[in-house]
Amino acid sequence: MAKRKLILIGNGMAGVRCLEEILKEDPNRFEITVFGTEPHPNYNRIMLSSVLQGDTTIDDIILNSYEWYEQHGIKLFTGETVEKINTEDKLLYTDKDREVSYDDLIIATGSNPFMLPLPGADKEGVIAFRNIEDCEQMIRSSKKYERAVVIGGGLLGLEAARGLLNLGMEVDVVHIMDQLMERQLDATAGTMLQEELEKQGMNFLMGYQTEAILGAGRVKKVSFKNAKPVKADLVVMAVGIKPNVALAKESGIKTNRGIVVDDYMQTSAPDVYSLGECAEHREMVYGLVAPLWDQGKALAKKICEIDAGDGYQGSILSTKLKVSGVDVFSAGEFADNPNTKAIRVQDEFEGLYKKVVVRDNKVVGAVLFGDTSEGTRLLSMINNETDISEMSKVTIFQSTGQGAESGVAEMADSDQICGCNGVSKGDIVTAIQEQNLTTVSEVRGCTNASRSCGTCAGLVGDLLEHTLGDEFEIVDEKATVCDCTDLTHEEVVAEIREKGLTHTREVMNVLDWSSDEGCSKCRPALNYYLGMVHPMEHEDEKESRFVNERMHANIQKNGTYSVVPRMYGGVTNSKDLRRIADVADKYDVPLLKVTGGQRIDMLGIKKEDVPNVWKDLDMPSGYAYGKAIRTVKTCVGKDFCRFGTQDAIGLGIAIEKKFEKLNTPHKVKMAVSACPRNCAEGGIKDVGVVGVEGSWEIYVGGNGGITLRAAELLCTVITGEEVLEVIAAYLQFYRENARYLERTSHWLERVGLDYIKSVILDDEQEKQKLANRMEIALSNLKEPWSEIINDEKQKNDLFENYKATAVAQK
Amino acid sequence: MSKAIETQLIKVANVDEIPNQVGKEVIIDNLEIAIFRLSSGKFKAVENKCPHKQGPLSEGIVSGEFVFCPLHDWKIDLTSGDVQKPDDGCVRTYHVEVRNNEVFIKI
Ligand code: SRM
Ligand SMILES: Cc1cc2nc3c(=O)[nH]c(=O)nc-3n(C[C@H](O)[C@H](O)[C@H](O)COP(=O)(O)OP(=O)(O)OC[C@H]3O[C@@H](n4cnc5c(N)ncnc54)[C@H](O)[C@@H]3O)c2cc1C
Ligand code: SF4
Ligand code: FES
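The listed protein sequences correspond, in order, to chains A and B.
Mind the numbering: the first sequence is residues 11 to 820 in the numbering used here, read in order.
Mind the numbering: the second sequence is residues 1297 to 1403 in the numbering used here, read in order.
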């Protein structure tokens, strides 16, 4: 039977999520085509706020890469808009004059930002906050201009404002009401929120009615009906959204505020479905992602002709403000009214406020400020209409200890833990059990739970505890970063990501370190993690580096240094050798030695001479001192050796050139040999590559040091190009997943080779993402020796001593 | 010859020549001293030889009022010169004075 032709209009979060559900139900049923106006594959729109706030990059928020579409045989037309649907003949037309026929059609066109129809609203510099282009425009503007005005004091406006502040702009937030986020918060929480954000540097113009946007070509000022105008170089309108129904309406499909659908997401036209922000179900139009997961499931079952039960039954919404340092949560009916009662707790010292709204003994709404860890649990109580008459009022708020344990225990497998990414309790428990996960960040890595707003991280922790029992405690206990904190490496990294922390002092401050400035264990670890998380922004902290990595040379027992220049793949030439010899003579270098890493070590150089030695050598650093990529040993290979099958030297040099200078949790050594005799000793390297006839074998997790360990086969590939790709994904995963000072051999023992394979080999999408992040990390590396010799101040600070004489005084 | 040691202030540098939180070695005749500018803005000076195996303390990681020796990670109190437990020992400390943006060490 020929496949049915399915077309999706709108390459956004709802539509593509629904395709994923359809592929799960019946992967071969449809021939799928997708049209999307935006010139990108599907990305996580929610995370635009994090991109703007500098916590993540556009690459990191791609949900489905181009490869994903390809893998599933989906035809994707980006940058192409559907302009008309003929529901009678089942045809549609695009702005590129394409005419396509369909058997089934899904409309998921999302919504458009609502732009206030003010005079001057079309001026340059007036934008919305909806897509990647808006985000990029704000980032660009912040480099050229100083003052931004955000119109709208709701979720989106505040997140935009925080982002613009992070980008160094001065920000006024204009809000027409006298309370922020009045659609999600009561007056108490609204006031606390405003005070907190004012502390962060936001300026509020409350109760201001915008009148016009002034300026010649570009915006200069914003004027008000009831106050003096303010200066503005950029205006962001975040006053609301309206469902994007124009296409459906013009094509004769029934619309109201949204495209009207039934419980199975069917519209008034035959075989035409709709979901997401453009759809209206039981007179509700949603503006958040949570409903998408259930809508997508219902639609997928229906369209695959599988029993869809009662279909989609509507959603209760919760929201969280994604601004670092401010925790706000709201769900359900948060406002007081005559037939509800509320339980309130407020602590003005700690800045905490919690309110739970109850009707007929059931929790129907909640507002949390300052600590939102109970949010997901309260939401599930609202969803399940939990009867609280048996509970004491205080236990409703208990999120840790017994209460919480039983809280997750009681949840059904289908209950959603992570609303942002649609991950259920069942999904998480399965992942924990099948992949031996032990930390929140591992669960995040495997399931996406807690990846977006982070509210559910506490619940994920409870689930881990519940699923693993005692094991969890043990795993958790041994791995604190150092005595300055109770947090594990994984927790610290997760906090750095979630809270957008950027400096070791800030990490120690925000995460309640027991000492002000940490110690020799945590400081280098934090500096590494910050650089790993923020590869483009993090400024390396010299003062947090161990001596060798600060001086870019190995300190010796007598305070002199050794210098090891790079010798790619162990290959040298007469010119370099001559230069090394000349430098050794000029500076009286006490010992020249061939190292175990196939290069030359110049030992015993005086501190003041080190920069001059570098300068005269004019060779790059070999990083023989770093928690970094060290050497790639090679064997002679096929050009000379009678057994050689491959160009081991060429590949080794390519690997070393690609990854040199890269910081890693511990040092990384590699080797390439051209036959299984393995003369370059790949069997005891972090990564060992062995050439055989027609392919390369890649071994990982070897170690020739304190605890000898043989490397294990990761995979076999055909080309050198592929070797580089696998190494990129493997090393980036190691960089992100291992604890600081954990060699690959120990890390691999701890997490298991199967797990590593499942991430970097079986999951094509993840592999690509890791490779992309690796490229970012590699793009910002500087050669340290030449940097220091060209920077008088650094050179002086690090290598010069002060000399003075004591003049005897009479 | 008198055995009484004459104390004197020796100018070693201007304030802004001493990097924050990264030590600096000062050589006065044959005395080797490590001087530190802490993040609090205070200056500290100690003999630049770890009591363990003479490690150059000027190259250690500075944390608050302590330095961790770069060779084997002993932790030393920059105010008292005492080595912290579990190790034992003591290093000589020097008084530092700042006058008109100039840094002096008393020897
Ligand atoms: C220079 C060299 C010895 C030599 O003369 O050949 C050397 C010298 C040092 N090694 Fe090594 N290792 C050297 C090859 C090795 C090898 C063999 C190899 O790389 O092929 C190994 C075993 C392989 C391995 O790492 O799996 C090796 C295992 C170690 C270890 C134990 C690592 C482990 O995980 O068990 C340490 C300690 C550490 O890193 O924490 C270490 C640490 C050191 C340090 C950096 C100690 C330190 O922190 O100051 C030594 C610096 C000496 C100095 O004053 O300059 N060195 N070291 C070799 C430099 C290679 C290079 O060109 O970069
Ligand atoms: C900055 C920001 C932060 C947010 N934060 C949160 C949050 O924390 N929590 C939360 O729950 N929600 C949040 N949201 C809302 C969430 O992103 C949306 O609810 C979700 O993206 C809706 O998905 P959708 O598929 O319906 O619409 P979209 O993701 O907008 O997808 C619709 C797509 O259809 C395309 N399209 C439209 N018309 C056509 C056409 N005729 N032809 C072809 N393509 C077309 C559009 O270009 C768009 O790419 C946030 C939104 C923004 C902008
Ligand atoms: S690895 Fe094989 S090819 Fe290379 S030198 Fe050794 S024996 Fe020769
Ligand atoms: S020399 Fe200082 S700790 Fe060993």
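Please keep in mind that the hints were generated in silico from the structure rather than gathered at the bench.
No residue lacks a Cβ here, since even glycine has one placed at the ideal position from N, Cα and C.
A hint or two may mislead.
[Said to hold, decoys possible] Derived, one-sided and incomplete: chain B residues facing chain A with beta-carbon distance under 10 Å:
| hint | residue |
| --- | --- |
| 1 | E1313 |
| 2 | V1318 |
| 3 | K1349 |
| 4 | E1355 |
| 5 | G1360 |
| 6 | F1364 |
| 7 | C1365 |
| 8 | P1366 |
| 9 | S1376 |
| 10 | V1379 |
| 11 | K1381 |
| 12 | D1383 |
| 13 | E1393 |
| 14 | V1394 |
Report holds or violated for the interface hint on B:G1360, using the least CB-CB distance to chain A and a cut-off of 10 Å.
It holds, given that the least Cβ distance between B:G1360 and chain A is near 5 Å, below 10 Å.
Take the shortest C-beta to C-beta distance between B:E1355 and chain A; is it under 10 Å?
Where the cut-off is 10 Å and the nearest Cβ of chain A is about 4 Å from B:E1355, the hint holds.
Tell me if the interface restraint on B:K1381 is satisfied: Cβ within less than 10 Å of some Cβ in chain A.
violated, 12 Å
Interface hint check: B:D1383, Cβ to nearest Cβ on chain A, cutoff 10 Å. Holds or violated?
violated, 13 Å
Does B:S1376 hold up as a contact with chain A if the rule is Cβ-Cβ below 10 Å?
violated, 17 Å
Let's test the interface hint: is any C-beta of chain A closer than 10 Å to that of B:V1379?
violated, 14 Å
Does the closest beta carbon of chain A sit nearer than 10 Å to the beta carbon of B:V1394?
With a minimum Cβ separation of about 15 Å from chain A (threshold 10 Å), the hint on B:V1394 is violated.
Can you verify the interface hint for B:P1366: is its Cβ closer than 10 Å to any Cβ in chain A?
Holds, about 4 Å.
Using 10 Å as the Cβ threshold, decide whether B:K1349 counts as touching chain A.
At 7 Å from the nearest chain A Cβ, B:K1349 passes the 10 Å test, so the hint holds.
Close enough to count: is the Cβ of B:C1365 nearer than 10 Å to one in chain A?
holds, 9 Å
Does the interface hint hold: is B:E1393 within less than 10 Å of chain A, judged Cβ to Cβ?
violated, 14 Å
Hint check, B:E1313 versus chain A [nearest Cβ-Cβ separation less than 10 Å]:
It holds, given that the least Cβ distance between B:E1313 and chain A is near 8 Å, below 10 Å.
The structure is inconsistent with the numbered hints 9, 10, 11, 12, 13, 14, although it conforms to all the rest.
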